[in-house]
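Heads up: the sequence lines are chains A and B, in that order.
The first sequence lines up with residues 1 to 335 when you count with the working numbering.
The second sequence lines up with residues 1 to 164 when you count with the working numbering.
By construction, these hints were calculated from the structure, which means they are not laboratory data.
Some clues are possibly wrong.
Unchecked claim - Reference excerpt, derived from the structure (chain B facing chain A, CB under 7 Å, subset only): (1) Ile19; (2) Ser20; (3) Gly23; (4) Ser82; (5) Leu84; (6) Val86; (7) Glu111; (8) His113; (9) Ser115; (10) Met126; (11) Met154; (12) Ile156; (13) Pro158.
All C-beta atoms, glycine included, are put in the ideal place defined by N, C-alpha and C.
Here's the letter readout for the chains.
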Amino acid sequence: MKDVKGLKRVAIAGFGVVGRGLAKALVTKKDVLIKRAGDYRIAAICDSKGGIYSEEGVDVFEAIRIKEKEGRLPEELTVEDIIDRIDILFECTPTNVETGEPGLSHIKLALENGVDVITSNKGPLVVGYKELMKTAKKTGAKLMYEATVGGAMPIIKLVKNELAGNEVLSIKGILNGTCNYILSRMEQEKMPYSQILSEAQELGIAEADPTYDVEGIDAAAKLVILANSLMNSNATFSDVERTGISSITPEAFEIAAMKGYTIRLIAEATRDELRVSPRLVPFNSPLCVYGTLNAALIQTDLAGEVVVMGRGAGSSETASAMLSDFVELSRCGSK
Amino acid sequence: MVLELKDKPGQLLRAIEPISRLGGNIIGVVHKRDRVSPLERISVEISVKIDEGRVEELIEALKRNGVVVKAYNEVRLVASTSLLLVGHIIHTDLSDTVNTIDATGFAEVVEMHISMPEVNEPSTAMVTVSATGKDELKKAVSLLKETCRKKDIMVIEPLNEDLA
Ligand SMILES: NC(=O)c1ccc[n+]([C@@H]2O[C@H](COP(=O)([O-])OP(=O)(O)OC[C@H]3O[C@@H](n4cnc5c(N)ncnc54)[C@H](OP(=O)(O)O)[C@@H]3O)[C@@H](O)[C@H]2O)c1
Numbered sequence: 001m002k003d004v005k006g007l008k009r010v011a012i013a014g015f016g017v018v019g020r021g022l023a024k025a026l027v028t029k030k031d032v033l034i035k036r037a038g039d040y041r042i043a044a045i046c047d048s049k050g051g052i053y054s055e056e057g058v059d060v061f062e063a064i065r066i067k068e069k070e071g072r073l074p075e076e077l078t079v080e081d082i083i084d085r086i087d088i089l090f091e092c093t094p095t096n097v098e099t100g101e102p103g104l105s106h107i108k109l110a111l112e113n114g115v116d117v118i119t120s121n122k123g124p125l126v127v128g129y130k131e132l133m134k135t136a137k138k139t140g141a142k143l144m145y146e147a148t149v150g151g152a153m154p155i156i157k158l159v160k161n162e163l164a165g166n167e168v169l170s171i172k173g174i175l176n177g178t179c180n181y182i183l184s185r186m187e188q189e190k191m192p193y194s195q196i197l198s199e200a201q202e203l204g205i206a207e208a209d210p211t212y213d214v215e216g217i218d219a220a221a222k223l224v225i226l227a228n229s230l231m232n233s234n235a236t237f238s239d240v241e242r243t244g245i246s247s248i249t250p251e252a253f254e255i256a257a258m259k260g261y262t263i264r265l266i267a268e269a270t271r272d273e274l275r276v277s278p279r280l281v282p283f284n285s286p287l288c289v290y291g292t293l294n295a296a297l298i299q300t301d302l303a304g305e306v307v308v309m310g311r312g313a314g315s316s317e318t319a320s321a322m323l324s325d326f327v328e329l330s331r332c333g334s335k
Numbered sequence: 001m002v003l004e005l006k007d008k009p010g011q012l013l014r015a016i017e018p019i020s021r022l023g024g025n026i027i028g029v030v031h032k033r034d035r036v037s038p039l040e041r042i043s044v045e046i047s048v049k050i051d052e053g054r055v056e057e058l059i060e061a062l063k064r065n066g067v068v069v070k071a072y073n074e075v076r077l078v079a080s081t082s083l084l085l086v087g088h089i090i091h092t093d094l095s096d097t098v099n100t101i102d103a104t105g106f107a108e109v110v111e112m113h114i115s116m117p118e119v120n121e122p123s124t125a126m127v128t129v130s131a132t133g134k135d136e137l138k139k140a141v142s143l144l145k146e147t148c149r150k151k152d153i154m155v156i157e158p159l160n161e162d163l164a
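Isolated chain A (complex conformation):
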């Protein structure tokens, strides 16, 4: 499938915040990436209404200009149309933790056709992790998903590669930057939840409908991915015991502080349970982070505790995670 010179043809599905950030990074970082991952070109980009395709490589900045002006990409094109003309698919369509769609169909199609996939979309993994991995194994295509958890914060490959040989006993993490922002502001400003939420919405940190973040749905989806991929679980979304942050009072922070605690939304995976809930976190804990940061404390049998921290979301941050998967793909021999 790959052309003779070993040039990789990549496609991007989803041309929103992440898709555009990724496209830009693939262009601006090309010199560095070529050395690590071999030569490549962006053959196609799709959004919900159309796409753009070029055998010679899409002009990314022109595509962004058109997208921003017209609200869509110019050609009638879907992922299905281009699947036999690409080697790697970057999946950046919206997350749906119930159906996994449209990403689930995209990823299945790609893997079945021997196309490697790098996804930032959690939905397909939450809904169909086992099945997708089985398909990948059968066709030899690879499925990479560092960007689905923790944004730029390395965790999946860190555990799989750098901590290889360890058994992961538990993972406790701050996996949702929006909740962490709200809680750390409540702690510092002693203001009610509703007020801080409005502030976060104004700043673009929280969505107009914040349910997905504040009810712990996003964190729970990420926790399922971590448990399945790093702890060998066979968990689904409904296995996560989940409590959101919306009923936390400002007084809770004051009282907690008297005992040396603050409150954060913690996603925790152990052998016996998966839960996302507000927890008392000691001020001196590595998980006591502020703002939109993400952090995770990984407990292993050999290495003991390992802590990571980093930016959990954003255009270039998510691109960073996807590029590391891209380099890793060629390192472990993409088809």
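Start from chain A and add chain B with the ligand according to the hints.
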């Protein structure tokens, strides 16, 4: 703990003084007049609630006061944890909530701090639960969670207490 005191007036005071000086609480005293030691001492069984870290100090202080400590440590609330409760704590019968723990016999609520901003608004309480062991503490906490779930009270557990 079981202490041996000389069978003379004022001896009990020698035992009680260091306990209160070190911040301990006497829960019960039982004189065992029938158990007189060969050296004419009488046995007294005292139940004391005291900070775990001060037990050694107490034993030393008692010895210095001429009190013989025969045995101690029978029941110790060794494990404890703090939890935050948020919700209509007062309206939903706080004493009943606390009772779910105290009634176990192996755990109790040893400290509580409540903040009530306004009537009809949800209030917040920090509750410290102690138990005779880690497993007992776990049991007590799940009992409390169970009760709070029924009453629609949110329980915020600590991250890395010995519970996990
Ligand atoms: N934003 C972050 O910081 C971040 C971080 C980590 C992971 N993620 C995940 O990455 C994914 C993308 O996030 P985002 O923030 O970039 O979302 P977004 O801005 O809403 O972009 C989603 C894109 O997907 C396109 N799309 C929808 N249905 C499609 C379909 N059937 N075929 C092709 N394209 C389709 C949309 O098309 P239109 O433009 O036509 O609507 C849009 O371009 C999500 O799954 C998200 O959870 C995001």
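For each hint, the structure was consulted:
Given hint, Ile19 of chain B at the interface with chain A, is violated; its Cβ is 26 Å from that chain's nearest Cβ, farther than 7 Å. For the restraint placing Ser20 of chain B at the interface with chain A, the shortest Cβ-Cβ distance is roughly 26 Å, beyond the 7 Å limit, so the hint is violated. A hinted interface residue such as Gly23 of chain B counts as satisfied when its beta carbon comes closer than 7 Å to some beta carbon of chain A; here the least separation is about 18 Å, so the hint is violated. Because the closest C-beta pair between Ser82 of chain B and chain A is about 5 Å apart, less than 7 Å, the hint holds.
Hint status for Leu84 of chain B: holds, given a least beta-carbon distance of 6 Å to chain A, under 7 Å. Evaluation of the Val86 of chain B hint against chain A yields a held restraint, the C-beta minimum of about 6 Å falling below 7 Å. Interface hint status for Glu111 of chain B: violated, as the beta-carbon distance to the closest one in chain A is roughly 9 Å, over 7 Å. Against a cut-off of 7 Å between C-beta atoms, the interface hint on His113 of chain B holds, since the closest Cβ of chain A lies about 6 Å away.
With a cut of 7 Å, the hint placing Ser115 of chain B at the interface with chain A holds, because the nearest CB-to-CB distance is about 4 Å. For the restraint placing Met126 of chain B at the interface with chain A, the shortest Cβ-Cβ distance is roughly 5 Å, inside the 7 Å limit, so the hint holds. For Met154 of chain B, the suggested interface contact is upheld, since its CB lies about 6 Å from the closest CB of chain A, less than 7 Å. Against a cut-off of 7 Å between C-beta atoms, the interface hint on Ile156 of chain B holds, since the closest Cβ of chain A lies about 5 Å away.
Satisfaction of the interface hint for Pro158 of chain B is found here, the shortest Cβ-Cβ separation to chain A being roughly 4 Å, below the 7 Å cut-off.
When each numbered hint is compared with the structure, violations occur for hints 1, 2, 3 and 7.
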